[in-house]
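For this one, chain A is given, so just place chain B on it according to the hints.
One letter stands for each residue in the lines below.
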Amino acid sequence: QQQVKQSPQSLIVQKGGISIINCAYENTAFDYFPWYQQFPGKGPALLIAIRPDVSEKKEGRFTISFNKSAKQFSLHIMDSQPGDSATYFCAAVTDKLIFGTGTRLQVFP
Amino acid sequence: DTGVSQDPRHKITKRGQNVTFRCDPISEHNRLYWYRQTLGQGPEFLTYFQNEAQLEKSRLLSDRFSAERPKGSFSTLEIQRTEQGDSAMYLCASSEWTGNTEAFFGQGTRLTVV
Numbered sequence: 001q002q003q004v005k006q007s008p009q010s011l012i013v014q015k016g017g018i019s020i021i022n023c024a025y026e027n028t029a030f031d032y033f034p035w036y037q038q039f040p041g042k043g044p045a046l047l048i049a050i051r052p053d054v055s056e057k058k059e060g061r062f063t064i065s066f067n068k069s070a071k072q073f074s075l076h077i078m079d080s081q082p083g084d085s086a087t088y089f090c091a092a093v094t095d096k097l098i099f100g101t102g103t104r105l106q107v108f109p
Numbered sequence: 001d002t003g004v005s006q007d008p009r010h011k012i013t014k015r016g017q018n019v020t021f022r023c024d025p026i027s028e029h030n031r032l033y034w035y036r037q038t039l040g041q042g043p044e045f046l047t048y049f050q051n052e053a054q055l056e057k058s059r060l061l062s063d064r065f066s067a068e069r070p071k072g073s074f075s076t077l078e079i080q081r082t083e084q085g086d087s088a089m090y091l092c093a094s095s096e097w098t099g100n101t102e103a104f105f106g107q108g109t110r111l112t113v114v
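Which chain is which? The protein sequence lines are A and B, in order.
Under my numbering, residue 109 is the last one in the first sequence; the count climbs by one each step, no gaps.
Under my numbering, residue 114 is the last one in the second sequence; the count climbs by one each step, no gaps.
Isolated chain A (complex conformation) (with noise of 0.2 Å):
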C-alpha cells in the first residue's frame, strides 16, 4: 500500500517533443506529490509538486496532471531539450516520501 509505481521505465524523445511520465499508488493518505529530478552522481532537486485538492500545477514547461478518483498523475514535459535528459523520481508523501522506480529520459536532438 505503500507503494509508488512510475512508467515507463525509460523514455527516448526528440527535442522539441512532449515527454510523459505517470505514477499510480495506492494509499489515500498520501497528500502531497512531488517530482525530481536527478542528474548522474547528484542528489534528486525538486522539480514541481501538487497536492490532491488541484488537478493540474504548470510551472514553465513542465506540468503536473492529478487524477484524484484514479489516483494517478503525471508529468508531462513539452518542448523537450537535451538539457531535460535526465532521471525522473515520482514520489508520494504522507510524514515522509515514498519515491517511484524512476524513469530515464533521454532527448535527442
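Hint data in this document are derived by calculation from the structure and do not stem from the laboratory.
All of these numbers come straight from a predicted model, not from anything done at the bench.
Possibly wrong hints are sitting among the right ones.
[Unchecked claim] List of simulated lysine-lysine pairs, DSS-like, C-alpha gap at most 25 Å:
id : chain 1 : residue 1 : chain 2 : residue 2
1  : A       : Lys42     : B       : Lys11
2  : B       : Lys57     : A       : Lys5
3  : A       : Lys42     : A       : Lys5
4  : A       : Lys15     : A       : Lys58
5  : A       : Lys57     : A       : Lys15
6  : A       : Lys68     : A       : Lys42
[Claimed, not checked] Restraint-style ranges between C-beta atoms, simulated for each label pair:
id : chain 1 : residue 1 : chain 2 : residue 2 : range
7  : A       : Lys68     : B       : His10     : 40 to 50 Å
8  : B       : Ser62     : A       : Arg51     : 28 to 38 Å
9  : A       : Pro109    : B       : Glu52     : 47 to 57 Å
10 : B       : Gly16     : A       : Gly83     : 38 to 48 Å
11 : B       : Asn51     : A       : Ile18     : 19 to 29 Å
12 : A       : Arg51     : B       : Gly16     : 23 to 33 Å
13 : A       : Arg104    : B       : Ser27     : 27 to 37 Å
14 : A       : Lys68     : B       : Glu56     : 22 to 32 Å
15 : A       : Ile18     : B       : Gln41     : 39 to 49 Å
16 : A       : Arg104    : B       : Glu96     : 29 to 39 Å
17 : B       : Glu102    : A       : Ser85     : 18 to 28 Å
Cβ atoms here follow ideal geometry from the backbone N, Cα and C, with glycine treated the same way.
Same frame as chain A, now just chain B:
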C-alpha cells in the same frame, strides 16, 4: 543558506569497518530524512527526525545502522561492520516542520565497501 550539505562526498572502506556520514540541513528546517539509493533505483527511506527526535526508522534497516540528530541541527548516520551490500549513495534531505512540504536533498555520500 546554500542548501543541504553532506560530508564526505565519497567514502571507500574495507568490509567490517565502521563509517559515519554527516548531514547539515537547511537552517530553518525541522525535519531531516536519510535515504539510500542504489544504481537504477529510487531513493529508499531509512529514517527521519523532527528536530532531535527520531520519529521513524525503516523496518528494513539493519541494527548496524544508527542515526542521531543532537540539538536538532546536523545529523550523523553511522554504519557499523560494513558489508558489500551497504555500497550505495546515502542521501540526506530536509524540510519544514511537516512532511508534506518541499523536501530538499543534498548531493549525497557515495559509499563503496571493498
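In rising order, the numbers of the hints this structure does not comply with
6, 11, 12, 15
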